[in-house]
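Undergrad: So you can see what is in the structure, the chains are spelled out below.
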Amino acid sequence: MENSELHIVMVGHVDHGKSTVIGRLLYDTKALPEGTVDKVKRIAQETGKPFEYAYLLDAFEEEQKQGITIDTTQLKFHTASREYVIIDAPGHKEFLKNMISGASDAEVAFLIVDAARGVEEQTKRHAYILRLLGIRQIYVLINKMDLVDYEQTRFVAVKAEVAAFLATLQLQAAGFLPVSAYYGENLVQHSAKMPWYTGKSFIATLDSIKAKPTSSDQPLRLPIQDVFKFDQRRIIAGRIEAGELQVDDKIKLYPSGRETVVTEFANWASRDAKVEASVGQSVGIQLQDEFFNQRGEIITRSSDQQQPTVTNVVQTNLFWMGQAPLVTGQRYKLKIATQQVIARVLKVLKVTDSSTLATREDATKVQLNDVAEVVFQTETPLVYDLFTQQQVTGRFVIVDGYDVAGGGTITEHYQGDTQLDGAIFSTDGQDYQLNLFDQYCLTAGGQVVTHEYQGHYQIGAELPLKGSGYAYPTDFAILLAEQDRVLTVKAGRFSGSQALTDFRVQLPVVDSRGAQLNLTAPADLKAYLTERESLNDKTKTTFYQKWLDFNAYHQIVIEDI
Amino acid sequence: MDHLDELEAESIYIFREAYKNLGKLGLLWSIGKDSTVLLWLVRKAFYGHTPFPFIHVDTSFEMPEVLAYRDRVAAELGLDLIVYTNQDAVDQGMNPKLGRLMCCGALKTVALNQVVKKYSFDGLIVGVRQDEEGSRSKERIFSERNQQDKWDYTNQPPELWDEFKTDFPKGNHIRVHPLLHWTELDIWEYIQREGIPIIDLYFAKNHHRYRSLGCAPCTGTIDSDASTVSEIIAELKQTKISERAGRAQDQEDAYAMQKLRQSGYM
Chain A
1 MENSELHIVM VGHVDHGKST VIGRLLYDTK ALPEGTVDKV KRIAQETGKP FEYAYLLDAF
61 EEEQKQGITI DTTQLKFHTA SREYVIIDAP GHKEFLKNMI SGASDAEVAF LIVDAARGVE
121 EQTKRHAYIL RLLGIRQIYV LINKMDLVDY EQTRFVAVKA EVAAFLATLQ LQAAGFLPVS
181 AYYGENLVQH SAKMPWYTGK SFIATLDSIK AKPTSSDQPL RLPIQDVFKF DQRRIIAGRI
241 EAGELQVDDK IKLYPSGRET VVTEFANWAS RDAKVEASVG QSVGIQLQDE FFNQRGEIIT
301 RSSDQQQPTV TNVVQTNLFW MGQAPLVTGQ RYKLKIATQQ VIARVLKVLK VTDSSTLATR
361 EDATKVQLND VAEVVFQTET PLVYDLFTQQ QVTGRFVIVD GYDVAGGGTI TEHYQGDTQL
421 DGAIFSTDGQ DYQLNLFDQY CLTAGGQVVT HEYQGHYQIG AELPLKGSGY AYPTDFAILL
481 AEQDRVLTVK AGRFSGSQAL TDFRVQLPVV DSRGAQLNLT APADLKAYLT ERESLNDKTK
541 TTFYQKWLDF NAYHQIVIED I
Chain B
1 MDHLDELEAE SIYIFREAYK NLGKLGLLWS IGKDSTVLLW LVRKAFYGHT PFPFIHVDTS
61 FEMPEVLAYR DRVAAELGLD LIVYTNQDAV DQGMNPKLGR LMCCGALKTV ALNQVVKKYS
121 FDGLIVGVRQ DEEGSRSKER IFSERNQQDK WDYTNQPPEL WDEFKTDFPK GNHIRVHPLL
181 HWTELDIWEY IQREGIPIID LYFAKNHHRY RSLGCAPCTG TIDSDASTVS EIIAELKQTK
241 ISERAGRAQD QEDAYAMQKL RQSGYM
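Top to bottom, those sequences are chains A and B. Those letters in the first sequence? Residues 1 to 561, by my numbering. Those letters in the second sequence? Residues 1 to 266, by my numbering.
Next up, chain B with everything else stripped away, as it sits in the complex (with noise of 0.2 Å):
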């Protein structure tokens, strides 16, 4: 085994346990790369089904390809598709310019923390890596919020050998992060590999592509010409540039993600 299928077969394992032990289930589907790999794996891990909905949180500021491609896959796939927006925020008029972590925490973690009461979710997958950010790097595998959404990250409790936390309060929830030890590169190789199909918002045009995928207008481009795949991994080998620089909210403040995700980001 060389270490994509070590991190397929473990990504395999983690949804297993997920989908055995928590009960009520969803993904939460973003439609970039790392999404794009979770829902291959999800199809690896149960022979081509997908026995849990997939949730959009749809800020309304979401690129118009996005939501194009979104619609696309749910419908060839025949996804339990969930779309959710804080529409009262949305209504309210909340936008980046009244400041952009108010922005993020209404129509992401505000909404994502609704869609989770709505429907009652036990358990939430999401894609999120520790190569991404600080936050994320000290993240467990299954890792749980309270039921005001809460993550307790001082005080998390041990994890160790793929015996994942199952035993939680009724009304709480567990974020299961099945690509936590994937980097960057990992999920490249692994979508070359695989020959997963993507959205072209990730190959360049015009001397530019978007490197990480968010509202459109928080998210920027970077200088590049990389408009294949393997252009992709051979770009990302030599650069020194962090993946999430274009995502504007997380230069706001140095502990801007930690606040975001205490307080139930994804």
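Next comes chain A alone, as it looks inside the complex (with noise of 0.2 Å):
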């Protein structure tokens, strides 16, 4: 992308002086307003301490209290040649939540390290982590050469230890610098101080980074965010976050395959008329076949060579950083771009002190600020890319209860043997997952735990039907929405599988749950599916009261109470 700005964050152990290097260069750059450095002088006289270049981005009356940051922040700055964004990252382990939201936003980092104390704690963490975030460009900038009087033995002895432990991470940096950030030293100019180094100033350092070319080569990922109707026209949003997309191109939905052309690009102001748009984009599209479409779905050309993977087992290289562990058997959300599906964690192969690097192979937790091999099983189908080949798809998050607790990326295909949770309904190579024999059961304190029947069904098998906890008559129909599919059950066995789009209801019809579906005009089906487009987590119950009737075919059996 040209002309577009280059985002570089700073990371390092605590007090190697990641704000003061921007304070720093903000200040020596003249980037910044009379009034931010009045004030933060001013506040240095009020609390009698020296003035501190960090001040100028620790901006909380905390931080500067306790000479520490706190939160990341981004600030802008250009030289003659480009502009940046830096982002300042805190170093103390407490904060590494706040460290990984600045660092996920960069392209480029600058990894600090103090010369008199070389490599510590959280200078291997960071470099970790920025290993697991992608962030592949890495340069070393040993700081405080003032505290070892410039001396380049110093400098050298600090580059071997540093580049040494980044080895262990088949990690190498792109370049080690010299610099005080106190004094300013090697920053905007070369150092007279430090004549025995003859490369780049850390300005001029930056203006030498190479801005990431441009994806649009790549093939198209635009996953649905959402689809409008405030008018006649029927427009689905999203943001393509690789390739590009032109009117006519023939287009592919998943996970369920289908397959439309692309008629129209939405717009509203005249300058964003348009026929064709590319990574980054955030765009309105008209399809030529007006399928149910719905947010999670991700759109790619049906031309294209690289399709992305879709399936119920996920491997993932996770960092965790939510105060409660991440636990085995446990059910999560997991998100991939605008995809949210209910994940659980079938194993946890590998879990990694990211300081230490030690490992453990037998974990059944990952704890905070680990990093860790997990294997999800979703309960709906989950679609996603290689990270190495697609990022945006190829990475994902994961909320426990409120907050974003981990992250991660999915660097190979999981190859393990799977169980899945509840019955497989085999058909034409294609596994569906159905909790239809599943048994709810109340127990002591008013719990309602969920038992999973695993079974694995062909065409013709016959079917248990009636079970402790549930009843369905002899002929039925289960509609998977999300695959655009339809499975039918007829005199007790699997008897097919057709399109969702060649279904009319003449049977009962369930979800995947076994939950009946209140379909009684013939209207209902489209309604029900047109209203599904809509859903969202605020609507959701609304929807849920209305359509599905879970008494129906299912009664809780009494464990205890």
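Be aware that a few hints might be false.
Claimed, not checked - With a straight-line Cα cutoff of 25 Å, these simulated SDA-like cross-link-like pairs (lysine to any residue) come out:
no., chain 1, residue 1, chain 2, residue 2
1, B, K20, A, Q391
2, B, K237, A, L349
3, B, K20, A, E290
4, B, K237, A, D207
5, A, K30, B, E235
6, A, K41, B, A254
7, A, K274, B, R43
8, A, K538, B, K118
9, B, K237, A, T29
10, A, K76, B, E6
11, A, K540, B, D186
12, A, K546, B, S120
13, B, K20, A, V392
14, A, K76, B, E235
15, A, K212, B, H49
16, B, K44, A, E276
17, B, K237, A, A204
18, A, K41, B, Y255
19, A, K540, B, K24
20, A, K546, B, K20
21, B, K24, A, A527
In case anyone wonders, no lab produced these hints; they're calculated from the structure.
Put the complex together from the two separate chains, hints included.
TA: Here it is, written out as structure tokens:
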């Protein structure tokens, strides 16, 4: 992308000088309004503390009083040749979640290392996090050279120490620079105090960094954000996360794999009228076929070779920021781009302490600040790419309760054995996970516990239609809206599968958990699917009340009360 | 895409995430330049529609030009406009002479908290920017306020890869900040590029203009001869004076804004 801003993040151990580097840089390049510097000088005077360049970024009273950075911030800054967004990140272990929030936005990282102290705990942890975030352009600033009398030997020793550590993470620094941020040495101009250093100053280094090439030549990934029906138009809204799209392109929608053609790009301001769009643009498109679309579907171009993977089991590299640990067997919300699915932790393959790099292989929990390889099983199909091929659809976050508590990337397809939760119906090489025969049991304290029934059924198989806690009729249909399929049961046997578009309601219809759908009038199916398109977290309760009757074929079994 | 295209695309993405994922949504419309850009971006995001109410917190000390402009634009565009005043405080004679922070607290912060409760908003879109002042520089794009409208700023949850905070207990609300990454200069360059109509208080008359709009008693003008958008842009590229220098409440205390914003100020 031409003319765009380069996002760089400063990371490293607490007190190694991340905020000071940025503060001094902004001061020396006169990037700050007078008021800002005066205010910090005034505060320093009032509190009797020396002026700190870091205070130019550490705006909170708590940050200035304690001399630490608590939360991340972004500042814009420009040189003669380019615009920059500089991201300051806190160095304390307890604020790692804020460091990750800041660093996740960066293309390039500067790892700040104190020349006198060398590699410390957060130096290692931050480097590991950079690797997990997929930030591969890393420069090392060896700061506070004033404390070691600007000695070349010390620079060489720290450089070797950092390089050796990065190598254990399969990382390689793009460059090493000696600086003294407090005294402004080698930031804006080459330092006279270090004549032995013949490389570039900090600013010259920034200007030499090549921006990431535009990824419009990648295969298209357009995750659906929403479906708008404000007027007679039906507009599919989303942001192009990779590749490009043109009017008349044949597209595929995942997870269903349905195909249609783009007929138009919507616009409001006339300057936005277009027939093609590419990566980074927020667009609205109209389609030839009026499928029932919904948020979370991923649009690709049919002509592209590289298509995403659809799965119920996904292997991840994850970092955990939650106070409560991630626990095997627990369910979490997993989000990839605009997709949101319920995911259960199937296995924790390996846990690594992000600082010591010590690993454990028999873990069932992932604790705060750990990184881990975790396998999730999702309740509904998940669409993803390997992170090495597509960044946005190859990375995810985990929500525990109300907050994002984890995140990570998908770097390999899961090869292990899977034990799906629920019964599997197989037809035409497709497996459908259905929780039709689960038991819902009331246990002590009023908790409802689900006992999952696992079985595998091919076409023609007889089904366990009556069990403890459920009873189905001998003939019914199972509507799988996300997969765009309907499975049928006749005379107690799994009898067939058809596309949703070919389906006419004649039998009772249930969803994948066996809740009856309230479809009585002929127009109900269309109304149900239409309302489903605009379903969100706030409207879902009303929607489920209206359309689903869970009690029709289920009864809670009292085990204890 | 140039950097204005990128900012625009990000803001539109944020508007759509808020509209899709938050329940009842409102937009805080102060009539100034940032609010004007918000209004423009809403119509881009939703193809000419403004699918949530616009809220103007009227302190009773507003500049008459602001009120006239508000009513004219709202009528022209058919906006669903909510005008809200903390009438109790106004009736009891609240004014800046009693203390600027106290006055801002009553007529803006409390009024805002009241309007959020009155209409049970789950999400409030606010045009704050990181470069305005320190506490805003530390904001998240989706930033939670609790039932008492408090901002737990020393313990903000992670926000990464545009996966925003959309899960929160009933009664709390989310402040949505679509312009967080814009600078003052970006705002003006965008206004110029898109040809967005804007209130003329920003344009110099008799060598003075407003750089930031607020209540009449507490908002000063700056010395300027910039009477067009291009002249304002040229001026901003030269100036070393901060944007909010004319806003008296900011100067009351080194951490004035942090304190106001902690209790719910925009």
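Undergrad: Next, verify each hint and record whether it holds.
TA: Status of the hints after comparison with the structure:
With a C-alpha separation of about 23 Å, the suggested pair K20(B) and Q391(A) falls inside the 25 Å cut-off, and the hint holds. A C-alpha spacing of about 54 Å is found between K237(B) and L349(A), which places the hinted pair above 25 Å, so the restraint is violated. Between K20(B) and E290(A) the alpha-carbon distance is near 20 Å, which keeps this suggested pair within the 25 Å criterion. For the hint pairing K237(B) with D207(A), the CA-to-CA distance comes to about 21 Å; that is within 25 Å, so the pair holds.
Among the hinted pairs, K30(A) with E235(B) is consistent with the structure: their alpha-carbon atoms are about 16 Å apart, no more than 25 Å. Between K41(A) and A254(B), the direct Cα distance comes to roughly 11 Å. Compliance with the 25 Å bound is thereby established for this hinted pair. Note on K274(A) and R43(B): the hinted pairing holds, with a Cα-Cα distance of about 17 Å set against a maximum of 25 Å. Between K538(A) and K118(B) the CA atoms are separated by roughly 19 Å; this keeps the pair inside 25 Å, and the hint holds.
This hinted pair checks out: K237(B) and T29(A) have alpha carbons roughly 14 Å apart, not beyond 25 Å. Simply put, K76(A) and E6(B) have alpha-carbon atoms about 14 Å apart, close enough for the 25 Å limit, and the pair holds. Simply put, K540(A) and D186(B) have alpha-carbon atoms about 39 Å apart, too far for the 25 Å limit, and the pair is violated. For the hint pairing K546(A) with S120(B), the CA-to-CA distance comes to about 24 Å; that is within 25 Å, so the pair holds.
About 20 Å separates the Cα atoms of K20(B) and V392(A), which keeps this hinted pair within 25 Å; it holds. Taking the CA atoms of K76(A) and E235(B), the gap is about 18 Å. The hint holds against a cut of 25 Å. For the proposed pair K212(A) and H49(B), the alpha carbon gap of about 36 Å is over 25 Å, so the pair is violated. With a C-alpha separation of about 17 Å, the suggested pair K44(B) and E276(A) falls inside the 25 Å cut-off, and the hint holds.
At most 25 Å may separate the alpha-carbon atoms for a hinted pair to count; K237(B) and A204(A) meet this at roughly 23 Å. Restraint check: the Cα-Cα separation between K41(A) and Y255(B) comes to about 14 Å, which is no more than 25 Å; the hinted pair holds. Distance hint between K540(A) and K24(B) is fulfilled; the C-alpha atoms sit about 14 Å from each other, no more than 25 Å. Distance restraint check for K546(A) and K20(B): the Cα-Cα separation of roughly 20 Å lies within the 25 Å cut-off, and the hinted pair is therefore satisfied.
Note on K24(B) and A527(A): the hinted pairing holds, with a Cα-Cα distance of about 23 Å set against a maximum of 25 Å.
Of the hints listed earlier, those the structure fails to meet are numbers 2, 11 and 15, in rising order.
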